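K.L.:
Here is what each chain is made of, one letter per residue.
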Amino acid sequence: AQSVSQHNHHVILSEAASLELGCNYSYGGTVNLFWYVQYPGQHLQLLLKYFSGDPLVKGIKGFEAEFIKSKFSFNLRKPSVQWSDTAEYFCAVTKHNAGNMLTFGGGTRLMVKP
Amino acid sequence: DVKVTQSSRYLVKRTGEKVFLECVQDMDHENMFWYRQDPGLGLRLIYFSYDVKMKEKGDIPEGYSVSREKKERFSLILESASTNQTSMYLCASSLQRWQSETQYFGPGTRLLVL
Chain D
928 AQSVSQHNHH
938 VILSEAASLE
948 LGCNYSYGGT
958 VNLFWYVQYP
968 GQHLQLLLKY
978 FSGDPLVKGI
988 KGFEAEFIKS
998 KFSFNLRKPS
1008 VQWSDTAEYF
1018 CAVTKHNAGN
1028 MLTFGGGTRL
1038 MVKP
Chain H
55 DVKVTQSSRY
65 LVKRTGEKVF
75 LECVQDMDHE
85 NMFWYRQDPG
95 LGLRLIYFSY
105 DVKMKEKGDI
115 PEGYSVSREK
125 KERFSLILES
135 ASTNQTSMYL
145 CASSLQRWQS
155 ETQYFGPGTR
165 LLVL
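One line per chain: the protein sequences are D and H, in this order. Mapping of the first sequence onto my numbering: residues 928 to 1041, in sequence order. Mapping of the second sequence onto my numbering: residues 55 to 168, in sequence order.
Calculated directly from the structure, the hints in this document are not laboratory data. Just so we're clear, the structure is a prediction, and the values are computed from it rather than from any experiment. Backbone N, C-alpha and C fix where the C-beta goes; we use that ideal spot for every residue, glycine too. There could be a bad hint or two in this list.
To be verified - Now the in silico label distances, taken between C-beta atoms and shown as ranges:
{"id": "1", "chain 1": "D", "residue 1": "988", "chain 2": "H", "residue 2": "151", "range": "40 to 50 Å"}
{"id": "2", "chain 1": "H", "residue 1": "80", "chain 2": "D", "residue 2": "966", "range": "16 to 26 Å"}
{"id": "3", "chain 1": "D", "residue 1": "939", "chain 2": "H", "residue 2": "166", "range": "35 to 45 Å"}
{"id": "4", "chain 1": "H", "residue 1": "92", "chain 2": "D", "residue 2": "968", "range": "36 to 46 Å"}
{"id": "5", "chain 1": "D", "residue 1": "1009", "chain 2": "H", "residue 2": "117", "range": "23 to 33 Å"}
{"id": "6", "chain 1": "D", "residue 1": "1040", "chain 2": "H", "residue 2": "115", "range": "32 to 42 Å"}
{"id": "7", "chain 1": "H", "residue 1": "136", "chain 2": "D", "residue 2": "985", "range": "20 to 30 Å"}
{"id": "8", "chain 1": "H", "residue 1": "114", "chain 2": "D", "residue 2": "966", "range": "19 to 29 Å"}
{"id": "9", "chain 1": "D", "residue 1": "1040", "chain 2": "H", "residue 2": "93", "range": "36 to 46 Å"}
{"id": "10", "chain 1": "H", "residue 1": "113", "chain 2": "D", "residue 2": "991", "range": "23 to 33 Å"}
{"id": "11", "chain 1": "H", "residue 1": "115", "chain 2": "D", "residue 2": "967", "range": "47 to 57 Å"}
{"id": "12", "chain 1": "D", "residue 1": "991", "chain 2": "H", "residue 2": "92", "range": "43 to 53 Å"}
{"id": "13", "chain 1": "H", "residue 1": "136", "chain 2": "D", "residue 2": "969", "range": "27 to 37 Å"}
Stated by the list, open to error - No farther apart than 25 Å at their CA atoms in a straight line, the calculated lysine-lysine pairs in the DSS-like style are these:
{"id": "14", "chain 1": "H", "residue 1": "124", "chain 2": "H", "residue 2": "57"}
{"id": "15", "chain 1": "D", "residue 1": "988", "chain 2": "D", "residue 2": "976"}
{"id": "16", "chain 1": "H", "residue 1": "111", "chain 2": "D", "residue 2": "1022"}
{"id": "17", "chain 1": "H", "residue 1": "57", "chain 2": "H", "residue 2": "125"}
{"id": "18", "chain 1": "D", "residue 1": "988", "chain 2": "H", "residue 2": "109"}
{"id": "19", "chain 1": "H", "residue 1": "109", "chain 2": "H", "residue 2": "125"}
{"id": "20", "chain 1": "D", "residue 1": "996", "chain 2": "D", "residue 2": "1022"}
{"id": "21", "chain 1": "H", "residue 1": "107", "chain 2": "H", "residue 2": "57"}
{"id": "22", "chain 1": "H", "residue 1": "109", "chain 2": "D", "residue 2": "1022"}
{"id": "23", "chain 1": "H", "residue 1": "111", "chain 2": "H", "residue 2": "72"}
{"id": "24", "chain 1": "H", "residue 1": "125", "chain 2": "H", "residue 2": "72"}
{"id": "25", "chain 1": "H", "residue 1": "57", "chain 2": "D", "residue 2": "976"}
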């Protein structure tokens, strides 16, 4: 069974600091990759996704993620975080062309200090 | 905008009670999902459905059942609630069965079983 690991459970940053959240998955075949975000009191929503093509994908609110196939990784980055980025971030994976069953990582809680 | 609604934001039930969680989506999506969200474990798939009256087990179906009598509605049933089912329950939907697509999430139901 595939699994998804997010190594940082809690991250605390000051505003304007750079962010990188790690995500690794275990499945060896072709995958589709997602980052979802849950802001306090809000629905889980899509931040960005990778299906194919350019391994560097850009999402909403200045976030980007890079797919490195050789490392089974899909790390999330943002050059300069804001207080409003305080949220929980989830990496998720689904097998390519195998339906829409997502496997989620354990999540990373990000707190940005003003 | 896709809208996924869940019948309750908060529920308190007693051990042994039968519990119904309702989810409705308004965008004619084929796929619907039930997850539970627990700290440090991320989201884990309980059941999903890709068509009316169809259901598939996810990763943790034990103690749960589901019902999908209409395309827009997907119910999660706890036949006899137990304290280890205290959790946040999230419903999601996505457009087509065999496509890896964005899942749209509801606001969640926080269930406490006493």
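K.L.:
Determine which of the earlier numbered hints do not hold for this structure and return their numbers in increasing order.
P.N.:
As far as the earlier hints go, 1, 3, 4, 5, 7, 9, 11, 12 and 18 are violated by this structure, in ascending order.
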